[in-house]
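Peer 1: What follows is each chain in one-letter form.
Protein chains: 2
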Amino acid sequence: MYSTKLSVSIHILSVIALMEVEPITSDYIASSINTNPALVRRLMSRLKKAKLITTSTKLGVTGLARKSEDISLLDVFLAVEDQRDLFSIHGNTNLNCPIGAKIEGTLKNLYDNIQTATEEKLSAITLADITKEFI
Amino acid sequence: MYSTKLSVSIHILSVIALMEVEPITSDYIASSINTNPALVRRLMSRLKKAKLITTSTKLGVTGLARKSEDISLLDVFLAVEDQRDLFSIHGNTNLNCPIGAKIEGTLKNLYDNIQTATEEKLSAITLADITKEFI
DNA sequence: TCCTTTTGTAACTATTATAGTTACAAATTA
DNA sequence: TAATTTGTAACTATAATAGTTACAAAAGGA
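Chains as they are written, first to last, in my numbering: chain A, 1 to 135; chain B, 1 to 135.
Derived from the structure by calculation, the hints contain no laboratory data.
Any given hint might turn out to be false.
The list makes no distinction among identical chains, and a pair is therefore deemed to hold if it is satisfied within one copy or across any two copies.
[Stated by the list, open to error] In silico SDA-like links for lysine to any residue, alpha-carbon gap of 25 Å or less:
| no. | residue 1 | residue 2 |
| --- | --- | --- |
| 1 | K108 | A30 |
| 2 | K58 | Q83 |
| 3 | K132 | Y111 |
| 4 | K108 | S123 |
Predicted, not measured: the structure shown is a model, and the values here were computed from it.
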């Protein structure tokens, strides 16, 4: 199970996309999420590095770096999630056992296939698809 | 990211499917995984409850409860993984904010769609598909 | 019947990741 | 230059996983 980082980041981006008055601060966004401004800023920092938002000290978030139609959930996922592998594989198996010797490679091929399909699904959904739900 | 429970369980089932001498013990299986027999027995217990394997005190594992062609990875996943949701959603959002009020439902719909696709992929792969890699 | 072996499970520790928090230097705008 | 906010480091709390120890109960076999 992935962390809530993708979910919280989508929340952050939605607030930015729909905000009427710019700029907007991490404090304001945090109040919508009911969490800590520092936590929001940590994610904002990743979103900025991935060129999804623009920020400025003193002003706060100045906007999306791209149109919401051009920000996919895969972009967000890759920006904020460090642990991207869907399934994890146990290491240190007994290489003297034919199964222990091959299981890692077998599982890796198999999981890669599912991982790719999942990421393709994420890439097909944009921030605009999300924000239109809030209007 | 899911735990290694699915991976380890596939390993356990592969050893059972390919073993030449029955019955086989949690000690033997643990030596292929390079882990603790008690950990193996915990997973075995779940696999037994899900009617995927048969066991006996004194003898150990007596075999698969079904043909390996009839055991899908989804069967295994559902048997051993408690945290099945692919993505997690942050709760306790600010309901006074239009985004905070709707984000949970929006994300849930979206994630359910991806979850279903992932589980369908798992259901299309059987233990037999795995074990044929080890021959 | 009784001995032996193994499961099944409880209880515990260690480790890791996430989430949440505090604090403050550095940047930048007005 | 003063005020405000980001960006980030350092820390705590919490929860889940993995690993371990221990033992009662089951059950096969002599």
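Peer 1: Work down the list of hints and note, for each, if the structure agrees.
Peer 2: Now for the hints, and whether the structure bears them out:
| no. | hint | in the structure |
| --- | --- | --- |
| 1 | K108 with A30 | between (38 Å within a copy, 21 Å between copies) |
| 2 | K58 with Q83 | neither (32 Å within a copy, 42 Å between copies) |
| 3 | K132 with Y111 | between (33 Å within a copy, 17 Å between copies) |
| 4 | K108 with S123 | both (22 Å within a copy, 17 Å between copies) |
Of the numbered hints listed earlier, the single one contradicted by the structure is hint 2.
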